[in-house]
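**Student:** Sequence lines, in order, name chains A and B. If you read the first sequence in the working numbering, its first letter stands for residue -10, the second for the next number, and so on. If you read the second sequence in the working numbering, its first letter stands for residue 15, the second for the next number, and so on.
Calculated from the structure, these hints are not laboratory results. We put the CB at the ideal spot given by N, CA and C, even for glycine. Each hint should be verified, as a subset may be incorrect.
Said to hold, decoys possible - Here are a few chain A residues that face chain B, going by a calculated C-beta distance under 10 Å:
#	residue
1	ARG61
2	THR573
3	VAL685
Said to hold, decoys possible - EDC-like mimics (lysine to aspartate or glutamate), calculated; alpha carbons at most 20 Å apart, straight line:
#	chain 1	residue 1	chain 2	residue 2
4	A	LYS409	A	GLU380
5	A	LYS169	A	GLU616
6	B	LYS140	A	ASP45
7	A	LYS383	A	GLU393
8	B	LYS140	A	ASP605
9	A	LYS660	A	GLU616
10	A	LYS169	A	GLU733
11	A	LYS148	A	ASP440
12	A	LYS27	A	ASP45
13	B	LYS140	A	GLU55
14	B	LYS140	A	GLU616
15	A	LYS148	A	ASP368
Claimed, not checked - Stretch by stretch, here's where chain A covers chain B in the computed footprint (C-beta under 8 Å, at least three residues):
#	stretch
16	32 to 41
17	55 to 68
18	142 to 156
19	160 to 168
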Amino acid sequence: MATIPVDEHRIIEAFGPHLSSMTGVRLSTSVEPDRLVKTHCCFCGQQCGIQLKVRDNQVIGFEPWEDFPFNRGMLCPKGVKRYLQGSHPDRLVTALARDTSSARGFSPLPYDAAIARVTAAIDRLHKAHGPSSVGVLGGASLTTEKTYLLGKFARVCLKTPYIDYNGRLCMVSAGAANKKAFGIDRTTSPWSDMVGTDVIWVAGSNVAECSPITTNYLWQAREQGAKIIMQDPRITPAARTCDLYLPVKPGRDAALFAGVLQILIERDWIDRAFIDAHTSGFDEVVEYCAQWTLERTSEVTGVPARSLMQAAEWWGRAKTSFLFHARGIEHHSNGVQNALGSINLVLATGRIGKPKSGYGTIVGQANGQGGREHGQKCDQLPGLRDISNPEHRKYIAGVWGIDERDLPGPGVDTYEMFRKIDAGEIKGLIAICFNPKVSLPDNTFVTRCLDKLEFFVAIDFFLSETARHADVVLPGSLHEEDEGVVTQVEGRIIKVNKAVACPGEAREDWRILQDIAHGLGRPHGFTFTSPREIFEELRIASKGGVADYSGVTYEKVERQLGVFWPCYSDDPRTGEPLTDHPGTPRLFEPGSYNPVAKGAGPFYFPDGRARFNVADYRPPVDDASEEYPLFLTTGRVVSQFLSGTQTRRIGPLVRQYPEPRIEMHPRLADKLGIADGDWAMAETRRGSITLRAMVVTTIRPDTVFIPYHWPGRKSANQLTVAAQDPISKIPQYKVCGCRVRKAERAPEYDGILEPQQ
Amino acid sequence: MKPDYLHFFIDPSRCIGCQACVQACTECDTHRGESMIHLEFVDRSQSTQTVPVVCMHCEEPTCAEVCPADAIKRTGDGVVQSARRPRCIACGNCVVACPFGVPELYEDRKIMMKCDMCYDRTSVGKKPMCATVCPSQALFFGTHEQIAQLRPRSTPVNRFQFGNQTITTLVMMMVPRELAAPAPYVDVTSAMDEQPRSRAKVLKVIAPGPEPSPDQPADERDPFAGIEV
């Protein structure tokens, strides 16, 4: 039973989160670094270039890296303070074993003994219940090499279909919509295409706080004449000065896009020639949109008709445009439809695949793009291949040197894996780079499932809230302790470089996976001696797939400061070897060739045409109702990242925004008798939370917002609903019915737990 | 010496309040652990508007003029430095007198410290830490030609009026050339109505603008009328 071994407060005392601070050489004004290591930030999908100052195997500070083209030295506060995650008092430097007799709940275990304990447990489960009784959870902050190895490890070594990853909470709606519309899942244009456009539409993206470096691209575009349209239930910092703000009601995005497209059709602000030549399915969309009159759209979305009309006019009359979206429209049980609705606006105006005209999806995690391409997603194999496609299976089985019949079929999404744990089908779990106890919706259920596991192994560098349930914790590597590639928001592959060695008995994650494989007596295919060797195999495995990395080398990535995939080793037209394919910064350019269309057109379907999809509006599951009259929406703050395993341990970042608050409009606060700073209680059908109120005019009066980075009784995900999109399986984090009242007293944790705990 | 063709520009309309500047300032090699820059929330209950405040490096620094110990010096290239030891007597006159609210007294060290435009960096040809990292480039360090090319919608000003005192500064403030098309969004409810309501407030940068005539509807008042460029 993977229950918490002792009183959780004792575990927190021993393993944190505690705060790192600038002390010693990290505070000195005279200490010089031994060297500067050019690498990238460990946090979001922008993957800003940064130089780490290293002295005596310790990262002691940073220096901006102004030559890296995406951010040219710019960093958000997380990037500035990222170096404080190293040499941390909470860093795991030995393996740990669950130990109820220890006051700390865990005892150190020699590394080899820990691996032996893990493999014995997996063996036992395999013998008793078969290979499908063990599941694997991965993460999109891992390097591409690690995600590739993890997928191979699950299928080849563990022989389980049950592997999925935390990108399930992030990029899957965008990815599914992109595959349905374009046949390929990648942002279509480099961000530099934004500057010089007539209009930029930002749908559900709090750019300023979640992808801050994109702000400068937006502002620079505006300096050169772009109108900026922002669609969000909150006036986020970047929305304050946008040209048109659309205060959409949470969960109504597909309706908004359909209503705007209807105006475009009525006014003939569409590109008929492009639609005829390069798309299919427009007629069905026209038929669907007819019901979305201006009045109805305005009523459903909560956006005034004048603003819908203005948005349609600017978008419709523009010559060039850029549209991008993020979790705001994707974190919905209708997330794929929302994303498809936005793509329909792009296709109807034919503004894609050209300089200064594009479309993009903002990835949340460091390797949000690369982490979904090479096989840790339950239905995919390397190169964005499909695990159900016989040809794809045969090719990958060949690369891996196994019989195709031994390759498991598709698994299930992350949340469904927890349902399978609950049902007793999955009994053992290996998790890396994922803190589902904080990040999954309705996390009381997730906790119950973790408790039920017969054997749970966590690979982590800190004891995350989820790892507190583990039977064995294996000490993995921090970002700066290993090398490898990741693919950032634009589809640009960049190189993460090692700055310091793993401390104590900690080691690189790929070594740990291989050690488990060896312990299980299945070393075949797990004898790599470096990330470069893994990458060389990945190049072969991705070759011929949509995400083709075959022409990418570490040297090319460093020389070009990034390579946009697809990047071919052989010309896809002729099969002739290419000496130096530079990569593909912009997809779908007129006349471009891709291996799916084979010259029939620029899009990745056999006929080369993009697809219009009817993007049907469906109201959210557990929508606002009489009983729960408000919309609860969740998201991030700029100083924290995801479940906070790293950022809740960095002192200066915690001090910037210490604890979550419930954001509400003064009109609502007045009605509820709540003043700014009062304790307020928010309740949904899943649970309740007591936090201080933050009363601001920058949110819809029918909506409350809670950031989700905190654990336990401060966790917004106690309230969120586990409804999922039927196609992408993304959870509906961005809306559920909620009610709020003034709290009678402070919560129990107040005065006991530190803000970050 | 700071190269004389490089200048510091602030554009609060770009600021997103992320505090990268504040966090980065604490990483500067001359004052690690302390930020010499602060971020002002104009009124968070009403708006997400924030303003990063760095030293404006006045031609005739009020802080230096009121210093009884002559501890505040201006370099030949116009950078006003932190108070010098052992002269500074930590009296706090400069803190009270500075019209921009920049100097800060560090009681534990008995000294005033303030932004010195990253003199350790700018004097060797680097950009200040805050302006290098700023994700919105609300803080910009470069030439007049660069700013003119990059920011056609606004213009730099460096003369400010405080009562009877006119102050000329080394640091430039970017001011819109003309009325920005829409007023800034401050309250969601005004964006939810069919009839938009303007919530913009008149800012007075140099000279007071003409009083809005009483018969003119509030919505049509120019929110930037008070700005003289």
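**Student:** Evaluate each hint against the coordinates.
**Tutor:** Structure-based check of all given hints:
Checking ARG61/A against chain B: minimum C-beta separation of about 9 Å stays under 10 Å; hint holds. About 27 Å separates the beta-carbon of THR573/A from the nearest beta-carbon of chain B, more than 10 Å, and the hint is not met. A hinted interface residue such as VAL685/A counts as satisfied when its beta carbon comes closer than 10 Å to some beta carbon of chain B; here the least separation is about 6 Å, so the hint holds. Only pairs whose Cα atoms come within 20 Å are accepted, and LYS409/A paired with GLU380/A is rejected, the gap being roughly 29 Å.
Between LYS169/A and GLU616/A, the direct Cα distance comes to roughly 37 Å. Violation of the 20 Å bound is thereby established for this hinted pair. A hinted pair counts as satisfied when its Cα atoms are at most 20 Å apart, and LYS140/B with ASP45/A does not qualify at roughly 26 Å. Under the criterion of a C-alpha separation no larger than 20 Å, the hint pairing LYS383/A with GLU393/A is consistent with the structure, at around 6 Å. Distance hint between LYS140/B and ASP605/A is unfulfilled; the C-alpha atoms sit about 53 Å from each other, more than 20 Å.
Taken as a hint, the LYS660/A and GLU616/A pair is honoured in the structure, with Cα atoms around 16 Å apart against an allowance of 20 Å. For the hint pairing LYS169/A with GLU733/A, the CA-to-CA distance comes to about 50 Å; that exceeds 20 Å, so the pair is violated. Proposed proximity of LYS148/A and ASP440/A is contradicted: the alpha carbons are some 24 Å apart, above 20 Å. Pair hint LYS27/A plus ASP45/A holds up; C-alpha atoms about 17 Å apart against a cutoff of 20 Å.
Taken as a hint, the LYS140/B and GLU55/A pair is honoured in the structure, with Cα atoms around 10 Å apart against an allowance of 20 Å. Taking the CA atoms of LYS140/B and GLU616/A, the gap is near 59 Å; set against the 20 Å cutoff, the hint is violated. For the given pair, LYS148/A sits about 14 Å from ASP368/A by alpha-carbon distance, which is consistent with the 20 Å threshold. Restraint check on the stretch 32 to 41 of chain B versus chain A: 8 residues with Cβ-Cβ distances below 8 Å, three needed, restraint holds.
Look at the stretch 55 to 68 of chain B against chain A: 7 of its residues bring a Cβ nearer than 8 Å to a Cβ of that chain, three or more, so the hint holds. Coverage of the stretch 142 to 156 of chain B by chain A holds in this model, with 7 residues showing a Cβ closer than 8 Å to a Cβ of that chain against a need of three. A count of 4 residues in the stretch 160 to 168 of chain B with a Cβ less than 8 Å from any Cβ of chain A is obtained; the coverage claim is therefore met, three being the minimum.
Hints 2, 4, 5, 6, 8, 10, 11 and 14, counting from the list given before, are not met by this structure.
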